[in-house]
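Colleague: As you go down the protein sequences, you meet chains Y and B in turn. Under my numbering, think of the first position of the first sequence as 5, with each following residue one higher. Under my numbering, think of the first position of the second sequence as 28, with each following residue one higher.
Careful, some of the hints might be misleading.
[What the hints assert, rightly or not] Here are some chain Y residues the structure puts well away from chain B; computed CB gaps all over 12 Å: (1) 30; (2) 61; (3) 81; (4) 108; (5) 124; (6) 135; (7) 168; (8) 169; (9) 170; (10) 172; (11) 177; (12) 179; (13) 180; (14) 199; (15) 200.
[Stated by the list, open to error] Each pair of labels, with its calculated beta carbon distance range: (16) B:203 <-> Y:149: 56 to 62 Å; (17) Y:149 <-> B:191: 51 to 57 Å; (18) Y:178 <-> B:54: 34 to 40 Å.
Since the hints were derived computationally from the structure, they do not count as laboratory data. For each residue, glycine too, the CB sits at the ideal point set by N, CA and C.
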Amino acid sequence: MHEHPHNDPAAKTKALEALLVEKGLITSAAIDEVVKSYEEDIGPMKGAQVVAHAWVDPEYRQRLLADGRAAIAELGFTERQGAELVVVANAPEVHNVVVCTLCSCYPWAVLGLPPSWYKSYAYRSRVVREPRVVLGEFGLDLPESVEVRVWDSNSDIRYMVLPERPKSTEELAEEELSALVTRDSMIGVGRAKAPE
Amino acid sequence: MDGVHDMGGMHGFGPLEIEDDEALFHGEWEGRVLGMARLTPVHIPGGMRNAIEQLDPAEYLRSSYYEKWLHARIEGCIAAGAITREEFDATLAYYSEHPEAEIPQAQSGEKPVAAERPAATPPVPSPTFAVGDRVRARQVHPRGHTRLPRYIRGKVGEVVQVYRPQGFQDAEPLDDTVGPQPVYAVRFAGGEVWGESAEPNSCVLMDMWESYLERVPA
């Protein structure tokens with residue numbers, strides 16, 4: 005006998021799944037497929053490809069900043085129906101960072117599932133009020149000369165940050181560049197990695 | 028609603044806890060909840076976010092992200108009539124007693140179709156505001172679901188982008204507008220939002236449906 009059986013999310017989940025299966029609304033195999041797709045196919049490697057492509061192809065960069073949804077579709081990635089993707093570019097004097105204070109909206113199509121800290125009350129409450137302090141906790145200290153823009157994504161628009169291309173990467177191929185693009189750099193709490 | 032979920036700018040939630048190499052799911056059930064949220068062809072009355080906001084505030088804060096999703100899905104399926112509370116409670120009691128029990132699978136069945144959002148209605152209204160306009164976020168306190176956070180209400184900002192129209196998501200209309208509305212990215216300077224405590228050279232940008240905004244005379 006469990007001590008608090010009705011607060012056990014695993015049991016509740018199983019009960020819901022069993023009922024939905026019983027009623028023919030869903031199959032467990034279909035759920036397996038969704039889980040597998042997030043484990044194997046959907047994740048920040050997609051966003052990293054988008055960023056690396058924008059670094060090497062100035063015209064693609066322009067299209068990406070003008071219409072993110074259409075530009076990621078060029079690479080075969082789709083936002084869910086009804087959702088827009090807006091890509092905001094970092095520059096030497098501008099740093100962008102993304103949050104959703106009301107829930108935890110996140111650009112799943114290009115970044116996959118959000119990390120726990122993105123969904124945390126600390127991040128949601130603090131990054132709009134004290135972005136520099138929060139970025140400092142990620143190890144990113146920005147001088148006052150850099151404007152910090154915090155995007156609170158409260159609508160059906162999803163935001164992704166286009167980080168700056170690291171220095172001394174002129175010789176790298178697109179695939180090598182994409183390996184430098186971290187998830188955090190596309191949320192805006194970090195920079196792209198420097199080449200080794 | 029002015030609920031605990033609307034936490035932009037609140038104090039007291041402490042430092043960030045950043046997990047290195049975080050697992051995708053922290054329990055197998057989280058993935059199952061995600062899958063059900065994606066696939067269940069049951070529309071949650073009032074929407075999933077609204078269902079989450081109905082949680083008791085203390086329960087909201089105690090619950091993890093996927094626990095909130097699970098709550099919304101259970102309550103939504105009950106509210107939509109897809110399942111009953113009695114059968115849910117009975118099934119829960121069974122799996123609480125028999126956590127290793129397998130879920131019986133239907134022998135055959137239609138492949139379920141994912142719940143599709145209704146396609147956006149063709150954009151009709153033309154935007155009232157233009158890039159560069161000064162606007163004020165309305166000082167309203169809707170009791171139902173809203174996408175206008177408390178910390179930005181009453182603040183003055185500048186339109187920096189005009190987006191394609193979107194369906195209004197609040198539970199109740201703020202004016203006579205029906206259907207999709209123009210949406211703008213509005214830039215609010217840090218000092219406008221946080222006053223003397225604002226960090227230097229910072230701003231908040233937020234998406235604003237047209238009926239959230241009023242013009243600020245030049």
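Colleague: Does the claim that residue 169 (chain Y) lies off the interface hold, with its Cβ farther than 12 Å from every Cβ of chain B?
Modeller: 23 Å, holds
Colleague: Just double-check residue 124 (chain Y) for me: nearest Cβ-Cβ distance to chain B has to come out over 12 Å.
Modeller: 7 Å, violated
Colleague: Within 34 to 40 Å or not, the Cβ separation of residue 178 (chain Y) and residue 54 (chain B)?
Modeller: Given a distance of about 37 Å, which is inside 34 to 40 Å, the answer is holds.
Colleague: If we take the beta carbon of residue 199 (chain Y), is the closest beta carbon in chain B still more than 12 Å away?
Modeller: Non-interface label on residue 199 (chain Y) holds, nearest chain B Cβ at 22 Å vs cutoff 12 Å.
Colleague: Is the Cβ of residue 180 (chain Y) farther than 12 Å from every Cβ of chain B?
Modeller: 22 Å, holds
Colleague: Please settle this one: residue 108 (chain Y) was flagged as non-interface, so is its CB more than 12 Å from every CB on chain B?
Modeller: About 6 Å separates residue 108 (chain Y) from the closest Cβ of chain B, which leaves it inside 12 Å; violated.
Colleague: Does the Cβ distance between residue 203 (chain B) and residue 149 (chain Y) fall inside 56 to 62 Å?
Modeller: 46 Å, violated
Colleague: Once the closest CB in chain B is found, is it more than 12 Å from residue 135 (chain Y)?
Modeller: 6 Å, violated
Colleague: Non-interface claim for residue 170 (chain Y): all C-beta distances to chain B beyond 12 Å?
Modeller: Non-interface label on residue 170 (chain Y) holds, nearest chain B Cβ at 21 Å vs cutoff 12 Å.
Colleague: Taking C-beta pairs only, is residue 177 (chain Y) more than 12 Å away from all of chain B?
Modeller: Check passes; 26 Å lies beyond 12 Å.
Colleague: Is it the case that residue 168 (chain Y) keeps its Cβ farther than 12 Å from each residue Cβ in chain B?
Modeller: Non-interface label on residue 168 (chain Y) holds, nearest chain B Cβ at 18 Å vs cutoff 12 Å.
Colleague: Once the closest CB in chain B is found, is it more than 12 Å from residue 200 (chain Y)?
Modeller: 19 Å, holds
Checked against the numbered hints above, the structure breaks hints 1, 4, 5, 6, 16 and 17 and satisfies the rest.
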